[in-house]
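Colleague: Below, each chain spelled out in residue letters.
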Amino acid sequence: MFICHCGLNIAGVVDVERVRELVRGLPCVVVCEDYPYMCSEPGQALIRERVREHALDRVVVAACSPSMHEPTFRRAIEEAGLNPYLLEMANIREQCSWVHAHEPERATEKAFELIRMAVAKAKELEPLEPKRLEVERSALIIGGGIAGITAALDLADSGLQVYLVERAPSIGGHMAMLDKTFPTLDCAACILTPKMVALAKHPNVRLLTYSEVKEVRATEGGFEVLVLRKPRFVREDACTGCGACVERCPVEVPSEFDAGLGPRKAIYIPFPQAIPKVATIDDEHCIRCGLCERVCEAGAIDFGQEAREEALKVGAIVVATGLRLLDPRSLPEYALLGDGTNIITHLQLERLLSSSGPTGGRVLRPSDGLEPRSVVFLTCVGSRDECVNPYCCRIGCSIAVKQALMVKERIGEEADVFVCFIDMRTYGRGLEEFYRRAREAGVRFIRGSPAEVEALPDGSIRLVVFDQATWKLLEIRADLLVLIAGLLPPEGLEALASAMKLPLGPDGFLSEAHPKLRPAETPIRGIFLAGACQGPKDIVETTAHASAAAMKAASMLMKGYVLVEPYTAVVEEERCRGCGRCEEVCDFGAISVEERDGRLIAHVNEALCQGCGSCAVRCPTGAVTIRHFKPRQVIAQVAAAVG
Amino acid sequence: MAEKRPVVLTDLMSMARPSPELRKRISASLPGKADFCLQCARCTSGCTAMRLLELKPHEIVALVRLGFVEELISSKSIWDCALCLKCVEKCPQEVAPAELIMALRNEAVARELEVPERLSAMLMSILESGLAFGPRKRTARDGRSYGREDLGLPEVRVGLSEAAVMALMDLLGGA
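Line by line, the protein sequences give chains A and B. Residue 647, in our numbering, is where the first sequence stops; the numbers in between run on with no holes. Residue 1156, in our numbering, is where the second sequence stops; the numbers in between run on with no holes.
Please keep in mind that the hints were generated in silico from the structure rather than gathered at the bench. There may be inaccurate statements among the hints.
In the DSS-like style, the derived pairs of lysine-lysine whose C-alpha atoms are separated by at most 30 Å in a straight line are [unchecked claim]:
| hint | chain 1 | residue 1 | chain 2 | residue 2 |
| --- | --- | --- | --- | --- |
| 1 | A | Lys205 | A | Lys281 |
| 2 | B | Lys1071 | B | Lys1057 |
| 3 | B | Lys1005 | A | Lys412 |
| 4 | A | Lys218 | A | Lys634 |
| 5 | A | Lys199 | A | Lys317 |
| 6 | B | Lys1005 | B | Lys1057 |
| 7 | A | Lys412 | B | Lys1014 |
| 8 | A | Lys184 | B | Lys1014 |
| 9 | A | Lys199 | A | Lys634 |
Over 10 Å on every C-beta distance to chain B, these chain A residues come out as not near it, computed from the model [said to hold, decoys possible]:
| hint | residue |
| --- | --- |
| 10 | Val392 |
| 11 | Cys396 |
| 12 | Arg579 |
Per label pair, the in silico range of CB-to-CB distance [to be verified]:
| hint | chain 1 | residue 1 | chain 2 | residue 2 | range |
| --- | --- | --- | --- | --- | --- |
| 13 | A | Val544 | B | Glu1070 | 32 to 38 Å |
| 14 | B | Glu1070 | A | Ser334 | 45 to 51 Å |
| 15 | B | Pro1073 | A | Gln472 | 15 to 21 Å |
For glycine and all other residues, C-beta sits at the position ideal for the given N, C-alpha and C.
Build the full structure now, drawing on both the sequences and the hints.
Modeller: Right under this line is the structure:
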């Protein structure tokens, strides 16, 4: 029995010496020692020595949460020749000294009780072996934005087979829509498209664009994924991307890539650098006039194509589904403003700034195509709002600074450019300097958010905002209003998360396994997170996160196997009567009733079992138990608590 | 949108409008730029004359930044500043509010607006004696009044030569 002081974390509250003396009086306790930092090398050496010296057959460590140092102490006793699962930890820090800092007497009492319970359970522990699972040496990336592209390239470069599924006709994501990136004002396409090309040409990568993940099933070696390949009605292998069909097509609809500001045809190639550079027919709007078919020299048009499913087997999945913009018209302030007003989102402005956009890079207002002389940016539209997104979109302020600068540059110094903000959060490297640069360029930053926005008949927009710096109620008449729209989880993320059993945070984005220590992992083994699907990020953060996810996936896949805790369900066959209730409650499809020797018996797939215990609770005969948490072991602990 | 443009900015409390040209002229001569101001208000936190100022240093900077300069030129606050330069020293963005206030004063004088009497008296004193404050008796903590003569100090030479006055005027940029 070993008690850790954890410096003053434990010993500052709990009277460790008293606990030690009390524990020494417990039956079966051969040794009881305390040490300032049990997790330190000398602390571990102490444990190893005592195990050898006294030939101990069970070890209890009273210290922090097992999620911190259980692996440390397991290794220590294993080195001393003991099975690592013959260790029990009593959490006297998080569950005792930290929460009872103001009542040291009772905390000391509780520490002893927790240890007494741990000792009782330790007596019942059984030696176990971790399970070794072989994994498929391939990965699936869901999402072809900059996060997915980065993760896919990293994994493919380390020699692994990579499948990338993207639901749009081309990879590229939001970054492909941007004109410049902050704070360096690098051309977004110039730094993105080389990566897109590298991905398309990579021998280890298979791109599945215009496709969606339909089903994910955990298997022994990883996952079986069902991908829905939507019909393009154009044969990818035949289309040369010449664009003759696009020119000929008579149907025009708002272009998604231009954020609705410009038209595209019913047969289209989303943008010049699209990958794959093939046309796609938008089935919803195509009128089947057949003009495209007539002009296609390659004979690539195929109206007979049908949606089909493709099954993939992969060892790891990297989710890189990005985010979407909040539609300002979903907010009461903007709900009544119709289309075609001179109120646009920052993504729409990005398309106006882009040379591949609907205006060829000229900032022109939608209503009359004239160049605005006054432009106002509003930050936090739908962000930091308890009725909409309580969270900060993180990148809005930097976007506003960048776009304000760009507008000044494009329209000219004499343009009046205002940014109305709540707090200016330009937090990244080089961004404070960037913000200063915008101030120097004459962008007027106003601390204050307007309560109402009014579209006037002449196309201008009237805003009234109280400026906290001058204590003036300012009326601003703008030719163009740009809303820095809040950022939301992408469409369909909830369904995808539930298919993969991934937890979502209160903001609707995917939750990581640990916010500090495992930011690119999920609680599900083999599934990793890259980029904004885990919360809004800028490009710098996204690529760093994506590479982290790829590294985590690669380290698992390159080894070829994973060791998992043996805390899985076991069926005592004599007691099982094959009722199947365990199968009903299992979230992981890990337990099923099978016929064996003429009768029905539950069978556990240990590769899938997560040890959650649902089946054990449900089992009416007590045939199903969870290793390391068997009734005998838990009851001993409970008996010690109440006895 | 070349033709007639609506006014972009209006102060709805006074219906005042910014004067961008004036703003440009005033800022042009200054070492610091109001544009850089982050509104941290460190200038006001440390301002010697804070209690006297109707408009605080950070507000003055903010008004200039938006172009509301007219109301500042006629404001009493620009004359209440002690010109201690603490704000210049403390500003993290090198905005120099005191320099701005000086520029606003110069604009007021150029327009021949009324200068507070104590200041014109001070100016007269400088012209006459070279001193902002002429020699005066001071009461010490022992309750007695002391003049220079009580301390055995020589009398202050009063009056400047014409050349010195001219040089001084030159230095102040006035005529």
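Colleague: Each of the hints needs a verdict: does it hold here or not?
Modeller: Verification of the hints:
As the CA atoms of A:Lys205 and A:Lys281 are separated by approximately 13 Å, the hinted pair is consistent with the 30 Å bound. Under the criterion of a C-alpha separation no larger than 30 Å, the hint pairing B:Lys1071 with B:Lys1057 is consistent with the structure, at around 23 Å. This hinted pair checks out: B:Lys1005 and A:Lys412 have alpha carbons roughly 17 Å apart, not beyond 30 Å. Of the supplied pair hints, the one linking A:Lys218 and A:Lys634 is violated, its CA atoms being roughly 37 Å apart against a limit of 30 Å.
The hinted pair formed by A:Lys199 and A:Lys317 meets the criterion: a straight-line CA distance of about 25 Å does not exceed 30 Å. With a C-alpha separation of about 22 Å, the suggested pair B:Lys1005 and B:Lys1057 falls inside the 30 Å cut-off, and the hint holds. At most 30 Å may separate the alpha-carbon atoms for a hinted pair to count; A:Lys412 and B:Lys1014 meet this at roughly 18 Å. A hinted pair counts as satisfied when its Cα atoms are at most 30 Å apart, and A:Lys184 with B:Lys1014 qualifies at roughly 27 Å.
Proposed proximity of A:Lys199 and A:Lys634 is contradicted: the alpha carbons are some 52 Å apart, above 30 Å. Listed as outside the interface, A:Val392 is consistent with that label: its C-beta sits roughly 27 Å from the nearest C-beta of chain B, beyond the 10 Å cut-off. Listed as a non-interface residue, A:Cys396 keeps its Cβ farther than 10 Å from every Cβ of chain B; the least gap is roughly 19 Å. No Cβ of chain B comes within 10 Å of the Cβ of A:Arg579; the nearest lies about 72 Å off, and the non-interface call holds.
Under the hint 32 to 38 Å, the C-beta atoms of A:Val544 and B:Glu1070, about 36 Å apart, fit the expected range. The beta-carbon spacing between B:Glu1070 and A:Ser334, approximately 49 Å, falls within the hinted interval of 45 to 51 Å. For B:Pro1073 paired with A:Gln472, a C-beta distance near 19 Å keeps the hint of 15 to 21 Å intact.
Checked against the numbered hints above, the structure breaks hints 4 and 9 and satisfies the rest.
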